[in-house]
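**Q** The chain contents come next:
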Amino acid sequence: MKVFSNAVTYNYSWDEVSSANWQKYGPWNNKSEHVIAVDTLSRSVDPATGVLRTERLICCKQSAPEWIKSICGKVDESYVYEASYVDPSNKTLTMVSQNLTWSNLVSVQEECVYSPLSEGETLFSQSARITALCGGWQRIRNSIEDTLVTRFHENSIRGREGFERVLEMSRKVFAEEKERLQREQMIAA
Amino acid sequence: MSASLAPECNDVKERYDTCFLKWYSEKYLRGSDRENQDCAELFKNYQSCLKVALNERGINKLVEEAREDNKDNDVRLLSPPKK
Chain A
1 MKVFSNAVTY NYSWDEVSSA NWQKYGPWNN KSEHVIAVDT LSRSVDPATG VLRTERLICC
61 KQSAPEWIKS ICGKVDESYV YEASYVDPSN KTLTMVSQNL TWSNLVSVQE ECVYSPLSEG
121 ETLFSQSARI TALCGGWQRI RNSIEDTLVT RFHENSIRGR EGFERVLEMS RKVFAEEKER
181 LQREQMIAA
Chain B
1 MSASLAPECN DVKERYDTCF LKWYSEKYLR GSDRENQDCA ELFKNYQSCL KVALNERGIN
61 KLVEEAREDN KDNDVRLLSP PKK
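Just so you know, the sequences run in chain order A and B.
According to our numbering, the first sequence is numbered sequentially starting from 1.
According to our numbering, the second sequence is numbered sequentially starting from 1.
Source of the hints: derived by calculation from the structure; they are not laboratory data.
Honestly, I wouldn't trust all of these hints.
With a cut-off of at most 16 angstroms between alpha-carbon atoms, the simulated EDC-like pairs for lysine to aspartate or glutamate come out as follows [to be verified]:
#, chain 1, residue 1, chain 2, residue 2
1, A, 31, A, 164
2, A, 2, A, 177
3, A, 24, A, 82
4, A, 91, A, 176
5, A, 178, B, 14
6, A, 172, A, 76
7, B, 71, A, 177
8, A, 24, B, 38
9, B, 22, B, 38
10, B, 27, A, 161
11, B, 22, A, 161
12, B, 51, A, 55
13, B, 22, A, 145
14, B, 22, A, 82
15, B, 27, A, 176
16, A, 61, A, 46
17, B, 44, B, 64
18, B, 71, A, 46
19, A, 91, A, 55
20, B, 61, A, 179
21, A, 24, A, 176
22, B, 71, A, 111
23, B, 71, A, 55
24, A, 24, A, 168
25, B, 22, A, 119
A short, non-exhaustive set of chain B residues, derived as facing chain A with CB atoms under 7 angstroms [stated by the list, open to error]:
#, residue
26, 3
27, 23
28, 52
29, 62
30, 66
31, 75
Since we're looking at a predicted model, the values are computed, not measured.
Idealized CB from N, CA, C, for every residue including glycine.
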């Protein structure tokens, strides 16, 4: 088992970041070509705590290195199950995810948390536990895990760049929308 | 918004996602309308489309298993410590 962890600070409020998170894999993100579909499976607000729980199914397409394919088979398209929990009173958004497909070959369990650092800063912390089950010998499984950790690292850099763009665009659109509403109100008055 | 795994559901999904995002940022984060009545009908339409696609692809069963595995996280994260 290998662990990948990462932390990023975004210069946006937690409200902005947690809203933009729902659009992370939309057209504003030009660095997430590997995510081809995101569907919501269920969504509810816990009446006692106010926590918003969402289940999503994420479909990814990313080609694995040839040598891994030769050991584990074709593992290009995969489905990920994600459960997320927004706690509005403590201002935390936690997402836990696991791979649905190829789970007999490799197990990836990830947890990401967005929490406020200050009024205008939000901390994103990510950790993933990666276990290769295919490959027979421990030495091969270790190499598979190392390769996947490297892939996680590469994706996290692109993920940050892509999400920065989503945050920038959503702030811009939000400001424009606000301006438009104010103009309409002025005309109405 | 991102695409649905079932292209035939893209339209209903897009309408629901737009409704949800508005509710999330304008109401939920401000502590009002926790039931989200506004988007309920759109969500129902989206789900009835998606369910067919998930069944056809046999993903339903995998989701059920993952949901079962995730029970501990539900317990841990649905009842956060009081502020």
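**Q** State for each hint whether it applies.
**A** Okay, the hints, checked on the actual structure:
1. A:31 with A:164: Holds, because 10 angstroms separates the two Cα atoms, which is no more than 16 angstroms.
2. A:2 with A:177: 45 angstroms, violated
3. A:24 with A:82: 14 angstroms, holds
4. A:91 with A:176: 26 angstroms, violated
5. A:178 with B:14: Outside the cut-off at roughly 22 angstroms; violated.
6. A:172 with A:76: The hint is violated at about 35 angstroms.
7. B:71 with A:177: Distance of about 40 angstroms is beyond 16 angstroms: violated.
8. A:24 with B:38: 23 angstroms, violated
9. B:22 with B:38: Judged against 16 angstroms, a Cα distance of about 10 angstroms means the pair holds.
10. B:27 with A:161: 29 angstroms, violated
11. B:22 with A:161: Given pair residue 22 (chain B), residue 161 (chain A) is violated - Cα atoms ~24 angstroms apart, limit 16 angstroms.
12. B:51 with A:55: 14 angstroms, holds
13. B:22 with A:145: 40 angstroms, violated
14. B:22 with A:82: 22 angstroms, violated
15. B:27 with A:176: 19 angstroms, violated
16. A:61 with A:46: Roughly 33 angstroms separates the two Cα atoms, so the pair is violated.
17. B:44 with B:64: 19 angstroms, violated
18. B:71 with A:46: Given that 16 angstroms is the threshold and the Cα spacing comes to 15 angstroms, the pair holds.
19. A:91 with A:55: 19 angstroms, violated
20. B:61 with A:179: 47 angstroms, violated
21. A:24 with A:176: Given that 16 angstroms is the threshold and the Cα spacing comes to 20 angstroms, the pair is violated.
22. B:71 with A:111: 15 angstroms, holds
23. B:71 with A:55: Holds, at about 12 angstroms.
24. A:24 with A:168: Measuring from Cα to Cα gives roughly 12 angstroms; hence the hint holds.
25. B:22 with A:119: Roughly 22 angstroms between the alpha carbons, so the hint for residue 22 (chain B) and residue 119 (chain A) is violated.
26. 3: Holds. Min distance 5 angstroms.
27. 23: 10 angstroms, violated
28. 52: Hint violated; residue 52 (chain B) Cβ to chain A Cβ min 12 angstroms, cut 7 angstroms.
29. 62: 4 angstroms, holds
30. 66: 4 angstroms, holds
31. 75: Not OK, violated: residue 75 (chain B) not within 7 angstroms of chain A, min 11 angstroms.
Comparing the model with each earlier hint shows violations of hints 2, 4, 5, 6, 7, 8, 10, 11, 13, 14, 15, 16, 17, 19, 20, 21, 25, 27, 28 and 31; every other hint is respected.
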